[in-house]
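Could you build all of it, start to finish, from the sequences and the hints given here?
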Amino acid sequence: MTRYWLLSVPAHGDGHAAWRDVKARVGESDVSDFMLPALKIGTLDTLVQLSDELAKCDAAYESTVGKSVDTLRSLTGAGNGELEAALRVDGKPVDQYIQSFAWDNAKYRWDRPLPEVAAQIAAAMGAVDAQLKTKLTQYSALKNSLATVRRRQTGNLSVRALSDVVTRDDCVTDSEYLQTVFVAVPRTLAKDWTNGYERMTDMVVPRSSRRIADDAEFVLFSVVLFRRVLDEFSTKARDRRFIVRDFVYDEAAIARDRATAAGIVEQEEELLDNITEWLKGSFGDAVSAWIHTKALRLFVESILRYGIPPDFLPVLVRPAPRHASRIKRALVDFYAYLETSSAASQRARMAGKARPAKASSADDSAFDMREFSSVLSDYTPFVFFEIPWTFLDEDR
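Per our numbering, the very first residue in the sequence shown carries number 1; after that it's consecutive.
Hints in this document: simulated from the structure, not taken from any laboratory.
Some hints here could point you the wrong way.
No more than 30 angstroms apart at the CA atoms, straight line, and that leaves these computed lysine-lysine pairs for DSSO-like [claimed, not checked]:
no., residue 1, residue 2
1, K56, K92
2, K191, K135
3, K23, K67
4, K133, K67
5, K135, K67
6, K107, K56
7, K40, K56
8, K135, K280
9, K107, K280
10, K56, K236
11, K328, K56
12, K23, K328
13, K191, K236
14, K92, K280
15, K107, K92
16, K191, K133
17, K56, K67
18, K23, K40
19, K280, K133
20, K56, K133
21, K23, K92
22, K107, K40
23, K143, K67
24, K135, K107
25, K135, K92
26, K133, K107
27, K135, K56
As structure tokens, then:
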């Protein structure tokens, strides 16, 4: 969904008349001034170069804003309504910020050359993007550790920690030569274990196997054998699809493992809270940088389109969704006269399709943009940008 249009039209020395012209075309759609400061114009070469660079930045910054929203949604599980209510830009809801946009001179000095202003915005957005990547890397590593902990707590008997399953009474703990081994046996093979474990090596204590626990997939058995044959026993068990668990009953080690698991859970909760709050704050910085880039593009393209001195009206429109196509067509038709000039013809040639040479006539200065519709399908005779806001769409 495109929530806003940002456009500029020539004022012809009368901004009020230009406003009325736009308002008459857009009907009941919301229209508001989009205030631009007196930015420095610079040279034509600078403007042309900035035009290309800002278009790329615009797309990249939009992607960063979307990534921030998607990450926040993923981490918190919040719905679109909750997110829209929680996210702020300079303390305002996003809609209010865009509709009342005012250039933030404390962040981006409008009295500096345009390339410097663009660089300031790029630096701000670069910092947001870099921190987002760093925080997500940290959180991903901690989530992997937490997943391991939870798998050991809730997995089946072939992977879960045995400290909550096995007790001291299940183990031989005071023998120099004997060791209790715990084996996870698939339920379908439990009878094979019972009938064959004593013959797996010649140093298994007869009738020492005990059934310790069951789950949907495995049965956990204990068996006592001589320490010296543990490797041989493990190999033969693996050949029979039995899983020898790496576990030795040690109360101190069990306590340490439990403390480590609890610490990881606590760290995950703290880091999640930290990232969530940071995302809410950085979202405002990202949107601010993005909309300032839109404003800078609007100024640059308006100077390139209408010339100097600046004499254009920047306008923000929130089109009624059902009538957006009709409203845009009305604006294009009304301002079609802007493209009946040789200057417009030159711009279209620069866009990639030169008009074939022909004999001169009184109409040579006229130019019909329909000749270039296949090349410039989204072209409008006035400066026009969309501010898409799909980040919080219900069907996203």
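Against the structure, the hints:
1. K56 - K92: Holds: K56 and K92 sit about 27 angstroms apart, inside 30 angstroms.
2. K191 - K135: Violated, at roughly 51 angstroms.
3. K23 - K67: This hinted pair is violated, its Cα atoms lying about 35 angstroms apart.
4. K133 - K67: Judged against 30 angstroms, a Cα distance of about 10 angstroms means the pair holds.
5. K135 - K67: Holds - the C-alpha atoms of K67 and K135 are around 13 angstroms apart, at most 30 angstroms.
6. K107 - K56: The hint holds at about 21 angstroms.
7. K40 - K56: Status holds; Cα separation ~21 angstroms.
8. K135 - K280: holds (13 angstroms)
9. K107 - K280: Roughly 19 angstroms separates the two Cα atoms, so the pair holds.
10. K56 - K236: violated (62 angstroms)
11. K328 - K56: holds (24 angstroms)
12. K23 - K328: Holds: K23 and K328 sit about 12 angstroms apart, inside 30 angstroms.
13. K191 - K236: With Cα atoms ~17 angstroms apart, K191 and K236 stay inside 30 angstroms; holds.
14. K92 - K280: holds (12 angstroms)
15. K107 - K92: Holds. K107 to K92 sits at ~17 angstroms (cutoff 30 angstroms).
16. K191 - K133: violated (52 angstroms)
17. K56 - K67: Distance of about 17 angstroms is within 30 angstroms: holds.
18. K23 - K40: holds (29 angstroms)
19. K280 - K133: OK: K280 and K133 at ~15 angstroms, within 30 angstroms.
20. K56 - K133: holds (20 angstroms)
21. K23 - K92: Status holds; Cα separation ~26 angstroms.
22. K107 - K40: Roughly 16 angstroms between the alpha carbons, so the hint for K107 and K40 holds.
23. K143 - K67: holds (19 angstroms)
24. K135 - K107: The hint holds at about 24 angstroms.
25. K135 - K92: holds (25 angstroms)
26. K133 - K107: Distance ~23 angstroms between K133 and K107 Cα, so the pair holds.
27. K135 - K56: holds (25 angstroms)
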